[in-house]
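Chains as they are written, first to last, in our numbering: chain H, 1 to 326; chain C, 327 to 651; chain G, 652 to 1072.
Since the hints were derived computationally from the structure, they do not count as laboratory data.
Straight line, CA to CA, 27 Å or less: simulated DSS-like cross-link-like pairs of lysine-lysine: (1) G/781 x C/577; (2) G/782 x C/578; (3) H/243 x H/11; (4) C/578 x G/781; (5) H/139 x H/230; (6) C/524 x C/577.
Computed from a predicted structure; not experimentally measured.
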Amino acid sequence: MQAEAIDISFKTELLSLYQQMYLIREFEERSGEMYTRGHIRGFLHLYSGQEAIAVGAISTLEDRDYVVTHYRDHGHALARGMDPKHAMAELFGKATGSSKGKGGSMHLFQASRNFYGGHAIVAGHLPLAAGLALAARYKNTGGVALVFLGDGSVNEGEFHETMNLAAVWNLPLVFLLENNLYGMGTAVGRAHARGGDFDMAGAPYGIACAVVDGMDVLAVREVARAAIEKTRAGNGPAYIEAKTFRFRGHSLADPVNYRSHEEEMEWRKKDPISLLGDRLLQQDLTTELELLEIRETQDDVVREAIRFAEESPEPTEDELFTDIYA
Amino acid sequence: MPEINIRDALQMGHHEALENDPDVLIMGEDIGAYGGAYSVTAGLLDEFGPERVRDTPISEAAFVGAGIGAAVGGLKPIVEYMNLNFALLAFDQMINIGASLRYMSGGQVSVPIVYRAPTGGGIQLAATHSRSYENWLAAIPGMKVVAPSTPADALGLLRSSLLDPDPVLMVEHVLMYQQKGFVPDEHFIVPIGLADIKRPGSDLTIVSYHHAMVTAMEVADKLAARDVSAEVIDLRTLRPLDMPTVITSVKKTNRVLLLEENLKTGGIMGEIAAQIQENAFDFLDGPVVRVGAEDVPHPYNRGLEQSMIPSADKAIAAVSAAYGI
Amino acid sequence: MAVTEVVMPSMGADMTEGSIARWIKAEGDEISRGDILAEVETDKAVVEMEAYGNGVLRKVIIGEGVTVPVGRVIAIIADADEEIPSMDAPASEAPAAVAAPSTPAGVAPDPVAATDAASGGRVKASPVAKKLAAENGIDLALVAGTGPGGRIVKSDVDAAIAGGGTPAPEATPAAAVATPVVQAVQATPAPALLTEDIPLTGMRKAIARTVVRSKLDQPDFWVTVSVEMTEALAARKQINDAMADSGVRISVNDMILKAVALSIEKHPKWNMSYTEEKLVAHPNINVGVAIALDEGLMVPAILGCQGKSLKDIAIASKDLGVRAKSGGLTQEEMTGGTFSVSNLGMFGIDEFSAIIFPPQPGILAVGASMPTPVVRDGELAIGNIMKMTLSVDHRVNDGAEGAAFINEIKRFLENPLSMVL
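With the rest of the complex left out, here is chain H (with noise of 0.2 Å):
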């Protein structure tokens, strides 16, 4: 599908999806930080790189839909509204985090956003999404279930079986696959039958299909609307693969030796923010000074982000047993 002729009009909107990828970005970066200082600890994905998806798709969004998505989730979590500090301070295992310390940088939760996590068994939350996607129908509310998943996803088999339960029930759900081309160290070529041509993996199951370039912010957005408008009127799952490039390792412990640096300098020049920010200068649609404040209020944010986790109280020993049950 190709993206469909941008409307220059919504100049603040676009703004608006040039600073969430910003935050995130900038968040990512300092998140790596202080995973050296070891403020944070366990596992740490960063999202650097993948923005454009997050924030392109989410912002098609209604508050009665449900987002689901993997581990790599600060993104996510971030452009479906999630508050900095929390999220920095979950990163950080304190009290004022978004799950109280106790699920970390792969856990996110945000039940009143209807964001779902944050989940580190790879597939292992289509199935959830698609129950949401079931409820939502069931109960008429209108709402459709957006998950994203990786590349590593299409091997597992709670892959194919969500696929061909959502399309046996007609559920309103759309995959988004993040190809960034490696699941932790191996090429998708490697690990996949048709390698890694992901591009038609609904068809087996009769499920609408399509590509979007995945550093292009206006084009996901456009693709992602058109799937969602689409299985919201009931006609049934959707699926997209956006093609992108995690600029970091898999996590911080990764070494990334199973790619070349240029292959990396050659995803860097697509960098979603630049692409965005360069297109609305070419427009006129902004000014260097304008970009400028932006991401420098964005970096406050960030900062704030930091102290607040930084000032934030460890939790409690008595949490420990806490939300075990009601």
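Chains C and G: place on chain H using the hints.
Relative to the frame of chain H, chains C and G by itself:
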């Protein structure tokens, strides 16, 4: 109400749940048009329609996970496994998602789902269809597990499970659907986490559940003939365990037989034995006696299978060896 | 531009230390945020380390190949002309700093178990049988076991308690001969033990908190003296006779309180509390009096003892006792004590030591005044000896000061006129 069997009680429970709460839906393999592998859901599709009584693909991970998602989305799903052995295909869903969401989200997410599954051996289905894995799931924080052995307990526990805001697994022993019993006419529930003294006694405590309860009652009858009075406790819930009832009884009788059909190694009774020695050590008049299935895969051959599953005679021999009674 | 301290980065949840495999940037190089500074070698991989600040790599503190713990400053990035802290590499990193969890140095054998095994001749009895035997004074060595393997079981002990001896098991007649039959045991009824737990009252909890705090925070020692109370007792009688119409009666304890108050006036450090910064002087001498109530112990204080005569103290002391029982004490009386006295003399206790009521500097524990042979003017006589033990917060006063203070109190009591004059 006349005597009914466990299948009747469960059918009643499902029917009233669908009738009383529009958010209740049932899903599982062949529960609709076929009526359920053990006929628990027979007739419900015709009355309530395919939106609420949903046949699923043979796809445990997907429909169990979808049940969890539906519960998170505000519905009250009952998900039936055709057999608990098939739940192995969806342990990721039940454990990593269903039982963990509340904790991982810091209390933001509730998963009010009811899983039901036939379990147990004794009908020559061999290793892949006969094992009881409820003890594995009873080891998971965030799960609740119930195992009724009477029609009243089946109905009362199903009602409690449907009221519960957390995931509950109800296991139903394949040999017990025809187990008869009286069910009160007036509305009642059986609280989750409450054991039941099915027979009072003073000389020996027998702790059991599910189909092993049949064996436990047989043991108690045979011991009564020897003037040994056994108290028989039906656990009914495997998580959370009602240890106060067990400990109180053991302190009274000073002797205990733990009887289950699970494989002895890793069975739930190992945990109960440990808790008894932690909490009633000074009240024991001998070692805790534990009788379970032999540690082998279930065989197909009837004679072999019966040798594997604990019998009353085997249990009595173990009690005599330990206590000289 | 701030100085950026480059630290040995954490590159994974399990990483506790690492080394620099290669410095890619050298001292003096211009650095931008995101530049690769060095390659870090962990136990799993070699990972690039990037810069989080802009400026110049001013100093490399940790050279290549040296293993240091995560978080150690390994280099400094700052502007070219900026003042930077001087930090040098340690000659060698102490292995302890790497903070690997220490391994327990072997498990020592349980001394109790060892003794048990060594003693041999273990009686095999069930746990409940042992418990019953202990509760009823039954010697299990004299009980024949009828359980499997000759284990003494509950019914064997029941039989022994009933006094009937233990019938030998029919199956093992030989054992009956070999095993001495238990002698008829006096079936003394067991005392009525409290079998139900007692929930904690607020007062019990408060006492527990206070004494624990005292023992945790206040390193204490004790000094004890004997006081010859003959003179004091005589003086007390005289005073009480003289005041018979007033309705006021002086107790020995009142005299002790007065002696304490006077001694504090002479030794003001006994009216001070220890804090991390200073010894806090209290403006009034508020002597606390330990009062035993049914619910537990209270130590309310007589406020402003420095201005009170013996008679005033007697009146105040009596009033305090009455109001303690009725619950009519003020907050200041409850918490404002500056030194306390605990007297168990009325219970016939010879001597004891008391736990200091924080944050007071000490407490005087007073025993009973007992007729005791004493040498008086070179001759044996009967004196009235009362022992007093002073518990001292060593953070405030030392041994010599404790000795001086308690001897001051003793001197007042042995020269009672000095208290009334």
